[in-house]
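Top line first, the protein sequences correspond to chains A and B.
Count the first sequence with this note's numbering and you get residues 169 to 340, in order.
Count the second sequence with this note's numbering and you get residues 6 to 189, in order.
Quick caveat, the hints were computed from the structure, so don't treat them as lab data.
Think of the CB as a built atom: it goes at the ideal place given N, C-alpha and C, for glycine as much as any other residue.
Keep in mind that a hint or two might mislead.
[Claimed, not checked] Which stretches of chain B does chain A cover? Using the computed rule of at least three CB atoms under 8 Å from a CB of chain A, they are: (1) 14-21; (2) 90-100; (3) 110-117; (4) 157-163.
[To be verified] The list that follows gives simulated cross-link-like pairs (lysine to aspartate or glutamate, DMTMM-like), each with its CA atoms no further than 20 Å apart: (5) B/K142 with A/E276; (6) A/K233 with A/E215; (7) B/K72 with B/D166; (8) B/K149 with B/D166; (9) A/K216 with A/E231; (10) A/K233 with B/E160; (11) A/K268 with B/E49; (12) B/K149 with A/E221; (13) A/K198 with B/D13; (14) A/K199 with B/D13; (15) A/K216 with A/D237; (16) A/K268 with B/D50; (17) B/K142 with A/E224.
What follows is the residue order along each chain.
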Amino acid sequence: MEWLTETRWSPYVAGAGIGILSWFTFLISKKPIGCSTAFARTSGMLEKLFIGEKVEQKPYYQEFKPVIDWEWMLVFGIIIGSLVSSLLSGDFNWLWVPSKWSAAFGPEPIPRLIAAVLGGICLGFGARWAGGCTSGHGISGTLQLVVSSWVSAVCFFIGGIAAAFLLYNFIA
Amino acid sequence: MKKQKISDRSSLIWGLLFGIIFGFLLQKGGATKYNVIIGQLLLEDFTVLKIMLTAAVTGMIGIYFMKSMGWVKLYPKPGSVGMSVIGGLIFGVGFAVLGYCPGTIAGAVGNGYLDALVGGLIGIIVGAGLYASLYPKVRNGILKKGEFGTITFPELFKVNDWVVVIPAAVVLVLFLYWLETAGF
């Protein structure tokens, strides 16, 4: 069982594993893997704490009810799976600032956190605008050969590569 | 009513189980790390693309096989130029600035990364909430520009599924092979 305690697997093994996993999500749960609606539902659930049942009147939350569903549990499961994997290999560590960020922008946590919040806002907003993320469009949609997903996935990388080059070559 | 509740609960448990496996694979593949994701977007480390395209090839062959046997159906998402291109580019900017995506950030949290837990998660939830508020203003306007609906490539070309699946799989495998031989 040494493979369970290895720090890294070949990306092809991890990728094939995810492909095979999606066979089973289609077969058993009748759903493709996806992650970003879980964040929209969470947002609705948190909003409900402040403004109450009115949240359910919002057109968006009529389409995506603010409740815990299959996909929400999937995202929650990712946290556990990654925790188990990193604990088994000893790769788990508490870290505020990733080394690549700190080499370019310095080791202070505050700028990194501000970037993470702002980047997260764009990511959550863009994912719901496009109707999916790197999982829902990037993996599940591309493997189903869906036109909207291939267009979205290509745009994820065009936007991402352009912004990363700008960030690391001109701002850093 | 009672039966409905049991099936809901079993669906949630399956979701959790699939998520645990997904998170385990993402972590083992290295995709829960900021350095790996930003390395991909800076075109220095192709781990992310290798994982995604291998998953796409493996998934595609299995899903289309099961579809041809009548065991599964597809769940294509709708899109349009206004939706997929604009949303995709905004997502891309967030992808680079945050350095995680909605799935890998959950994996980053499990890996102990506090910029994901304290910063990124809050941002994504706020961003998704902002979109929910904006949605009534865009749903009949910009989202409808240049619609392509839920069409798939085999439907677009009006051919048998395998006429697209096999060449697509071959092209993706050749691309991955080229990446390896090019030293990425």
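Distance restraint between A/K216 and A/E231, which requires alpha-carbon spacing of 20 Å or less: holds (16 Å)
Given pair status - A/E221, B/K149, alpha carbons within 20 Å: It is violated: about 29 Å lies between the C-alpha atoms, which goes past 20 Å.
Proximity test - 8 Å, beta-carbon atoms, the stretch 110-117 of chain B to chain A, at least three hits: holds (count 8)
Straight-line alpha-carbon gap A/K233 to A/E215, limit 20 Å: holds (12 Å)
Proposed proximity, B/D166 with B/K149 (alpha carbon, max 20 Å): Violated. B/K149 to B/D166 sits at ~27 Å, over the 20 Å cutoff.
20 Å limit on alpha-carbon distance, applied to hinted pair B/K142 and A/E276: violated (39 Å)
Holds or violated: B/K72 to B/D166, with C-alpha atoms at most 20 Å apart: holds (10 Å)
Check of the stretch 157-163 of chain B against chain A for coverage (Cβ-Cβ below 8 Å, three residues minimum): holds (count 4)
Pair hint A/K199 and B/D13, alpha-carbon separation not exceeding 20 Å: holds (14 Å)
8 Å C-beta test of the stretch 90-100 of chain B against chain A, three or more residues: n = 11 at 8 Å, threshold three: holds.
Chain A covers the stretch 14-21 of chain B, three or more CB atoms within 8 Å, holds or violated: holds (count 6)
20 Å Cα cutoff - pair A/K268, B/E49: holds (12 Å)
Checked against the numbered hints above, the structure breaks hints 5, 8, 10 and 12 and satisfies the rest.
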